[in-house]
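Student: For reference, the chains in residue letters:
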Amino acid sequence: MTARNGSWDLALLRNAHFGLPDPETTIVRRSLVSGECLYFHYGCDGQDDRGWGCGYRTLQTLSSWLCVNGSQRSYQKLVPSLPEIQQALVTMEDKPPSFIGSREWIGTFEAALVLDHLYDVPCRILHVPGGGSELHHHFEELHHHFETHGSPVMMGGDRDNSSKGILGVCTGAQEIHMLVLDPHYYGPPLERAAVQHSGWVSWRSVGSLDHCSFYNLCLPQTAGK
Amino acid sequence: MSKVTFKITLTSDPRLPYKVLSVPDSTPFTAVLKFAAEEVRGRSLVTARAAFALRNVFLKHGSELRIIPRDRVGAW
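As they're listed, the protein sequences go chains A and B. Position one of the first sequence corresponds to residue 1 (our numbering), numbered consecutively onward. Position one of the second sequence corresponds to residue 1 (our numbering), numbered consecutively onward.
If we strip away everything but chain A, and leave its shape as in the complex, we get (with noise of 0.2 Å):
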């Protein structure tokens, strides 16, 4: 899947977690996505997008999945823009008409309600007042999704208001761990070592995340569509 800018050869990269090493040397269970997502990022179409996009670029990582891995009526459909995702919002009276051209923030309740309205797909939100001390209690949610569903995750909060891609989860011996697809990098396309390299796909400990923030997850229902 590519497409062309006037300054960037926008290839972007796929499945930017391939090869990553565990975070720890003993693994009890690791539940990743199963198929192929794109990495969408600030700025990765030719719009800069930084400050706001990031909830609209995790998105489109999840709508990569469903175009390529989806079912009949998703698959090789197409990632919608930044305008696109804007428009299907007004559309569906969730945002008014001047939302559009906006650089306002979404989220991953307006993520469910786009995947819903471009493929047909319906998500589940999980929402976890407690932040990431209490986001141990939903990890066997979280392995049963890789493992049902395979497609990949957006979570987002409050106070911690950066957009994540969740790729798979993970319990090692001493800690239990999101494989976090970060879309904030800004700049030309990187190989998959650099962006390993830089962190912009790492694994992260639950007890990292912020504990004062909640967090809601959008889990796309994919499993028998």
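These are calculated hints, taken from the structure and not from any lab test. The model shown is predicted, which means the values in this text are computed figures rather than measured ones. Watch out, some of these pointers could steer you wrong.
As the list claims (entries may be wrong) - Calculated cross-link-like contacts (lysine to any residue; reagent style SDA-like; alpha-carbon spacing at most 20 Å): (1) B:LYS7 x B:VAL20; (2) B:LYS7 x B:PRO24; (3) B:LYS34 x B:VAL20; (4) B:LYS34 x A:ASP94; (5) B:LYS34 x B:ALA75; (6) B:LYS7 x A:LEU126; (7) A:LYS95 x B:THR30; (8) B:LYS3 x B:VAL32; (9) B:LYS7 x A:SER102; (10) B:LYS34 x B:ARG72; (11) B:LYS7 x B:LYS34; (12) A:LYS95 x A:PRO80; (13) B:LYS7 x B:SER22; (14) B:LYS3 x B:THR30; (15) B:LYS34 x A:GLU104; (16) B:LYS7 x B:GLU38; (17) A:LYS95 x B:ARG70; (18) A:LYS77 x A:PRO129; (19) A:LYS95 x B:LYS34; (20) B:LYS34 x A:LEU13; (21) B:LYS34 x B:LEU21; (22) B:LYS3 x B:ARG15; (23) B:LYS3 x B:PHE29; (24) A:LYS95 x B:ARG72; (25) B:LYS7 x A:PRO129.
Following the hints, complete the assembly by docking chain B onto the known chain A.
Tutor: Leaving out everything else, chain B in the frame of chain A:
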């Protein structure tokens, strides 16, 4: 007349206040949501659609409805 019962929880409040509503099973679901938003937050809403456009959203979990806050992401 048969009834259906909903437990509606405001999960954005750490005290988890809730209300239990029993309505006739023919009641439109949008009316249940509108009433739930008014009852839990103590404000009147013009339409059920307005409820969806507000900061909070509703989750249906079996016979439970949970009002959760929307997240907004953009900064780094």
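Student: Where does the structure disagree with the numbered hints, that is, which hint numbers, in rising order?
Tutor: Violated hints: 5, 9, 10, 15, 18, 20, 22; rest satisfied.
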